[in-house]
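So you can see what is in the structure, the chains are spelled out below.
2 protein chains.
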Amino acid sequence: MPRLRLALAQTNPVLGDLRGNSAQVVEAARAASAAGADLLAVGEMALSGYPIEDLASRPSFLRDAHNAVLRLAKELQDAGLGHLPVIVGHPDGPFEPRLLGTSNAPTAIAQNCASVLQGGHVKARYAKHHLPNYSVFDEYRIFIPGDELLVLRIKGVDVAVIVCEDLWRDGGPLGRVLEADAGVLVVINASPFERDKDEVRLPLVTRRATETDTIVAYVNIVGGQDDLVFDGDSVVVDGEGSILARAPQFEEHLLIVDVDAAAATDSDLPDSVARVTLADTPAAPDTTGVDVAVPPDDHEQVWNALVLGLRDYVRKNRFSSVILGLSGGIDSAVCAALAADAIGASNVYGVSMPSRYSSEGSRSDADVLAENIGLQYSVEPIADLVTPIEDQLGLTGVAAENLQARIRGGIILMGLSNMHGHLVLTTGNKTELSVGYSTIYGDSAGGFAPIKDVPKLLVWELARWRNAFAATRDETPPIPVNSIEKPPSAELRPDQTDQDTLPPYEVLDAILDAYVTRALGREDVIALGFDEETVDFVTKLVDHSEWKRRQGAIGPKISGMAFGRDRRLPITYRPTV
Amino acid sequence: MPRLRLALAQTNPVLGDLRGNSAQVVEAARAASAAGADLLAVGEMALSGYPIEDLASRPSFLRDAHNAVLRLAKELQDAGLGHLPVIVGHPDGPFEPRLLGTSNAPTAIAQNCASVLQGGHVKARYAKHHLPNYSVFDEYRIFIPGDELLVLRIKGVDVAVIVCEDLWRDGGPLGRVLEADAGVLVVINASPFERDKDEVRLPLVTRRATETDTIVAYVNIVGGQDDLVFDGDSVVVDGEGSILARAPQFEEHLLIVDVDAAAATDSDLPDSVARVTLADTPAAPDTTGVDVAVPPDDHEQVWNALVLGLRDYVRKNRFSSVILGLSGGIDSAVCAALAADAIGASNVYGVSMPSRYSSEGSRSDADVLAENIGLQYSVEPIADLVTPIEDQLGLTGVAAENLQARIRGGIILMGLSNMHGHLVLTTGNKTELSVGYSTIYGDSAGGFAPIKDVPKLLVWELARWRNAFAATRDETPPIPVNSIEKPPSAELRPDQTDQDTLPPYEVLDAILDAYVTRALGREDVIALGFDEETVDFVTKLVDHSEWKRRQGAIGPKISGMAFGRDRRLPITYRPTV
Numbered sequence: 001m002p003r004l005r006l007a008l009a010q011t012n013p014v015l016g017d018l019r020g021n022s023a024q025v026v027e028a029a030r031a032a033s034a035a036g037a038d039l040l041a042v043g044e045m046a047l048s049g050y051p052i053e054d055l056a057s058r059p060s061f062l063r064d065a066h067n068a069v070l071r072l073a074k075e076l077q078d079a080g081l082g083h084l085p086v087i088v089g090h091p092d093g094p095f096e097p098r099l100l101g102t103s104n105a106p107t108a109i110a111q112n113c114a115s116v117l118q119g120g121h122v123k124a125r126y127a128k129h130h131l132p133n134y135s136v137f138d139e140y141r142i143f144i145p146g147d148e149l150l151v152l153r154i155k156g157v158d159v160a161v162i163v164c165e166d167l168w169r170d171g172g173p174l175g176r177v178l179e180a181d182a183g184v185l186v187v188i189n190a191s192p193f194e195r196d197k198d199e200v201r202l203p204l205v206t207r208r209a210t211e212t213d214t215i216v217a218y219v220n221i222v223g224g225q226d227d228l229v230f231d232g233d234s235v236v237v238d239g240e241g242s243i244l245a246r247a248p249q250f251e252e253h254l255l256i257v258d259v260d261a262a263a264a265t266d267s268d269l270p271d272s273v274a275r276v277t278l279a280d281t282p283a284a285p286d287t288t289g290v291d292v293a294v295p296p297d298d299h300e301q302v303w304n305a306l307v308l309g310l311r312d313y314v315r316k317n318r319f320s321s322v323i324l325g326l327s328g329g330i331d332s333a334v335c336a337a338l339a340a341d342a343i344g345a346s347n348v349y350g351v352s353m354p355s356r357y358s359s360e361g362s363r364s365d366a367d368v369l370a371e372n373i374g375l376q377y378s379v380e381p382i383a384d385l386v387t388p389i390e391d392q393l394g395l396t397g398v399a400a401e402n403l404q405a406r407i408r409g410g411i412i413l414m415g416l417s418n419m420h421g422h423l424v425l426t427t428g429n430k431t432e433l434s435v436g437y438s439t440i441y442g443d444s445a446g447g448f449a450p451i452k453d454v455p456k457l458l459v460w461e462l463a464r465w466r467n468a469f470a471a472t473r474d475e476t477p478p479i480p481v482n483s484i485e486k487p488p489s490a491e492l493r494p495d496q497t498d499q500d501t502l503p504p505y506e507v508l509d510a511i512l513d514a515y516v517t518r519a520l521g522r523e524d525v526i527a528l529g530f531d532e533e534t535v536d537f538v539t540k541l542v543d544h545s546e547w548k549r550r551q552g553a554i555g556p557k558i559s560g561m562a563f564g565r566d567r568r569l570p571i572t573y574r575p576t577v
Numbered sequence: 001m002p003r004l005r006l007a008l009a010q011t012n013p014v015l016g017d018l019r020g021n022s023a024q025v026v027e028a029a030r031a032a033s034a035a036g037a038d039l040l041a042v043g044e045m046a047l048s049g050y051p052i053e054d055l056a057s058r059p060s061f062l063r064d065a066h067n068a069v070l071r072l073a074k075e076l077q078d079a080g081l082g083h084l085p086v087i088v089g090h091p092d093g094p095f096e097p098r099l100l101g102t103s104n105a106p107t108a109i110a111q112n113c114a115s116v117l118q119g120g121h122v123k124a125r126y127a128k129h130h131l132p133n134y135s136v137f138d139e140y141r142i143f144i145p146g147d148e149l150l151v152l153r154i155k156g157v158d159v160a161v162i163v164c165e166d167l168w169r170d171g172g173p174l175g176r177v178l179e180a181d182a183g184v185l186v187v188i189n190a191s192p193f194e195r196d197k198d199e200v201r202l203p204l205v206t207r208r209a210t211e212t213d214t215i216v217a218y219v220n221i222v223g224g225q226d227d228l229v230f231d232g233d234s235v236v237v238d239g240e241g242s243i244l245a246r247a248p249q250f251e252e253h254l255l256i257v258d259v260d261a262a263a264a265t266d267s268d269l270p271d272s273v274a275r276v277t278l279a280d281t282p283a284a285p286d287t288t289g290v291d292v293a294v295p296p297d298d299h300e301q302v303w304n305a306l307v308l309g310l311r312d313y314v315r316k317n318r319f320s321s322v323i324l325g326l327s328g329g330i331d332s333a334v335c336a337a338l339a340a341d342a343i344g345a346s347n348v349y350g351v352s353m354p355s356r357y358s359s360e361g362s363r364s365d366a367d368v369l370a371e372n373i374g375l376q377y378s379v380e381p382i383a384d385l386v387t388p389i390e391d392q393l394g395l396t397g398v399a400a401e402n403l404q405a406r407i408r409g410g411i412i413l414m415g416l417s418n419m420h421g422h423l424v425l426t427t428g429n430k431t432e433l434s435v436g437y438s439t440i441y442g443d444s445a446g447g448f449a450p451i452k453d454v455p456k457l458l459v460w461e462l463a464r465w466r467n468a469f470a471a472t473r474d475e476t477p478p479i480p481v482n483s484i485e486k487p488p489s490a491e492l493r494p495d496q497t498d499q500d501t502l503p504p505y506e507v508l509d510a511i512l513d514a515y516v517t518r519a520l521g522r523e524d525v526i527a528l529g530f531d532e533e534t535v536d537f538v539t540k541l542v543d544h545s546e547w548k549r550r551q552g553a554i555g556p557k558i559s560g561m562a563f564g565r566d567r568r569l570p571i572t573y574r575p576t577v
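Protein chains in written order, with the numbering used here: chain A, 1 to 577; chain B, 1 to 577.
Just chain A, with the same shape it has in the complex (with noise of 0.2 Å):
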C-alpha cells in the first residue's frame, strides 16, 4: 500500500481578512512542507472566515475571495511551497444567480468551494453539494450546491474530497467516493461547537470510514466567530474505525499523520467524478511521533469554548480590555474569572455600582473576586445618580428597581466603555435570558455575553469546577465561595431574592431545556412531569421575552432590502483584500 503523510491545518481565521487567513495557510504549509506532508488540508472556508452570511450576495465580496485564491497559490509558489498540494475552503463566485423566486429577489450567486492548489495554480475545484439550512446555517440561502465529485491521485493514492455536510447525509457525493475507490476522503469542515458534539461527529467520522473503508482526514477550522466557537478537533480515522490522529480542541494546530492507503486503480469513473491527478512531491523524513488528543471532560470543554469564544470577539474586534459589572454574585464572577482567562486579568475592568440595597456581603464578595482574581477594579456608587432622577420623574416599583440596572449598565459601564475603549461584557444567563429577568438598556448592555448560552444551574457547576481545577494547579480558586453559596439576588429592592419572582432553578432550568431547548409544547412539557400552573408561568414568560432578547427595535420595512429580517451580516468582520 502506498504511504502518504498527510497534514490537516487548523486554523483560526478572522471573518473579511483574506491576506490574514492567506498568509495563516502560508505558514502552515511552510510547517507541513518542513515535516514532509504529501498533502496539507485547511478548514471550509478557512481564506474568508464562516458563517460569510449575506457577504455571499456581494459580487465584489465575491471576486475579492476568488482572486485571493490564485494570490494564495502563487504565494505558495513564492514561498518555495509549489510542490505541496494545499486544499483550501473559501467563496467563490460571483456566478450566473440561480432564480431563487421573484425577478428582483436576492438570488444565490456563490458557491462553497474546496480548491486544490499546487505549482503556483488551483489544480482543481470541489463546489459543496449539501448546503445546510437549519439551525445557525443558512447556506440553501446564500450558496449554488455543486454536484461533481473530485478526486486528486497523488503519489498513486486517489483522494476524494468533500466538505463539511457532504459527510453527513446518505447519498450524494458519498455514494460516488465508494464508486471511485479512493483511498482516502479529505473532508474539510466549519463546524461550530456543542456541548456533547463529540458524541455525534466522532462516530459519523467513523462510520463514514468503515462504511467506505477509506481512510478519512477531517480538517476543522478553529476560533471564535460572534456567537459561534468552531472547536477544531481535526481527527483522521481509518477504513476499520481507529483513530489514526486526533488535534486538541479550542487551539490552533498542524496535524500530522502517516496512513497506508489504497493503491488507485485506473477503473472508469462515472461521469460526474473529476480525476485530477498532481505531481508527486518529494521523498518524506521520518516522522517524530503522532498527536492523539483526547478530550477533556465536559464542563472544562465548555469552559474553554467560554473563553475562546470571549477572547476572539475581543480580539477580533480589536478591542484590548472588556469592563463588567461585579455584583457579588455568581454570574458576575464566572464571567469574570472567563474574561481574565481570556484575555488577561489586567485587562479586566470590574466595577462595583453598589446601592442602598447592595449588602455587605455583595460588596465584600465583589472585592474578594477582585482580589482572587486580580482585576483592574473600582467601586462607583449609584445612590446620588439614581435620586435626583427617581425624584424627577416620580419613579416607583419595577420602574425604579430597572432605574438602578440602568444606572449600573447602561450609563456608567457605556460611559466608561465610551471614554477608555473597553467592550462592555452583560453577564446574563441563558436562563434570565429566557424569561426576561433583567432590565432592558440595564444590565443586559453590552456588547458581548460570555455566558448567554449557560443556564443557571451550569454557570454553579462551572464555578465549582473552576474553582477545583484552581486548586488542581496549586492556584487561588478565582471565585468566591460565598458568591456560588449565597441564594441569587438581583439587589433592586430591600431582601429580595431571585425566587420571589421565579421557580426554584432546578425546575426552571428543566423546564427550559424541555421548552426552549427540545421545542416541546406545552402538554407536552407538564407529561413531563412538572407542575401545570408553574409550566404555564414560565413559557409565557418565554413567550413575551423575545423583543428583550433582541433588543434592537424593529420598524416597518418598505425597501427591497432592509437591515434587520433580510441582510444578514456578520458583526465581526474586517475586511482586507
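None of these hints come from the bench; they were simulated from the model.
Just so you know, nobody snuck in bad clues.
Listed next, with one range per pair, are the computed distances between beta-carbon atoms: (1) T396(B) to D474(A): 42 to 48 Å; (2) A527(B) to G80(A): 36 to 42 Å; (3) T387(B) to D196(A): 51 to 57 Å; (4) G394(A) to N482(B): 27 to 33 Å; (5) V200(A) to P2(B): 54 to 60 Å; (6) D531(A) to Q376(B): 39 to 45 Å.
Derived pair list, reagent style EDC-like, types lysine to aspartate or glutamate, alpha-carbon separation capped at 16 Å: (7) K540(A) to D17(B); (8) K155(B) to D266(B); (9) K123(A) to E75(A); (10) K155(B) to D260(B); (11) K540(B) to D17(A); (12) K197(A) to E300(A).
Yeah, the Cβ is synthetic: ideal placement off N, Cα and C, and Gly gets one too.
Following the hints, put chain B in place on chain A, whose structure we already have.
Using the frame of chain A, we list chain B on its own:
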C-alpha cells in the same frame, strides 16, 4: 361559459391567535355567503399569521393549527355557511421529519397549506411547492414542499389552487395548471409590501393569467407583523390580462366579483393532479358593482405602510399608547405624525428633553409640533440629571454626548414607559442606522422604530407630502415648517450639525442605496461617480455598525438550540388554541 362569483377576503391575522383568526374567516364567510359567493378564498397562513418562523418546528403548534382547521370547518357549518367552499391558508403537521442534516439537527415537520372547507369538513388540501428562502423568507428551513396540484370542480368550472411563490416560479404547479385546463387559478398569498412592488406583482399576475389563459384570483393578507407590512392589494385578472376587480391596500376588505370561466372538460388529469368535486352553492343574487381600487401615489403608499406597521405592532402587542422624545427635529416630528395617524393623537406621549445645548428654536419646534398634532406633551430638562453623572465618572467628549442621549432614551423614556405602560418609539431613520449615527441605549432605545427603513431624504419628502395632504383636507399640517427646513443636528454639543460628521445627505443616501440596498462593492460604488474617500468613509461606517444595529449582545453558543442564531421566533405572538 359558466359564471362563478368569487369572494377574496383580505384579513389581518394576529400571529398565533388561531381562535381570533378563525373568527375573521367565519365573519368573511358570512359576508361572502350573503353576497351569493360560490367560493371564498383567504390568504396564505391566514389562520396562523405569517411568518411563523421556527414555531413551525414545534409539534404542539402544528397540532393546534391542524385542529383549528377542523374546528373552523365545523364552525362554518354550525353558522349555516357549510354550503360555501372556503379556501384558507394555514400551517399543517407535524409530519415525518424531512432529514436535513445531522441526526440531532432540527428538521422540517410542517407544510404550508391551503385547505378547502365545505359541509363541515376539510374536502381537500394543497401544500405549497416552491418555498422561498431569500430576503425575509426562510421557508426551505421550516417547510416540506408539496408536489401535487389541486383542482376543485365548482359549478362546472375547474379551479386550481396554489400558494404564493408557486405563482412566481416557472415550471412546477403552473405547468400542471395548463395541462389541467383550469378555468380559474386561485393563489393565496402572504406577500409583504415593498416600495414599487406593485410594479412587479401586478404584471406577474397579469402575465400568468395570459400565459395560461386562465382567470387568476390573487388574495393577499393585510397588516403589520413585526417588521413586515402586508398590503393586501388582492386582485382578479382575466385571461386577456384585464383587471376585473382590485381591493384597496392596507385595510381589511372583502372583494367580490363575477367571472365567466371556461367550462370544465372531462379530460384525463396527470397523476400529480388531484381533482375534488364540491357541492353546488345556491343560485346567487345580482351583484351591486365591483371594487376596482387604484393604488395611491408612492409617498401615500409608503406613509400608509408605516402607519399600518406601527398601529399593528402597538395593537397586536396589546399596548394602547406610545411615548417618544421630541427634539424639534424632522425625524421625531415625522414619527409623532405617524403615531397620531396610527393610534390617535391622544394616545401619543411626546417628551421634550432639552439640555444646555438645545437651541431655543428646537424647543419651540417641539412645542409647535405637539400643538399641531394635539399630542400629550411634557418637558423634562436633563441638565440636573446629567451633571452628577458626568462629574462622578469624569465623562468628556463623545462619552459626555452619549450620556445625554442615554439619559433621554434609556433612562427618561424607558422610565416613563415602565411607570405608565407606553411603548417607546425610537425615531432613528435608515440613514442614521446604516452609518451608526446614534447612541446605543440612548436615542436608539425603544421597542419600535417607525422610520427604521426610511432614508433621510425620504423622511423629508414624507414630511412635505403629509403636510400637503393635510392642506388638501383643510387640516392643520402636522409638521412644523422649521423642522423641515433647518439643518439637521443632534444638538449634543454647541453648534453641532449632522454635516460636521457626515457627507451631505444627497450623497450619503445615494451611496447607501448602492452599497446597502443594491449590495454593490466598493469599486462598483466608486464607478458610479462618487468620490473614493467618501465611499470608503461611508462603507467603513456601515461595516462597523452591525453591532449597533443589533444592540442585543451576542455570546458563545454551547447548546443544541440557543437564542439568537438558531432560534428564530416572531416578537408579536399571541398564542390561543
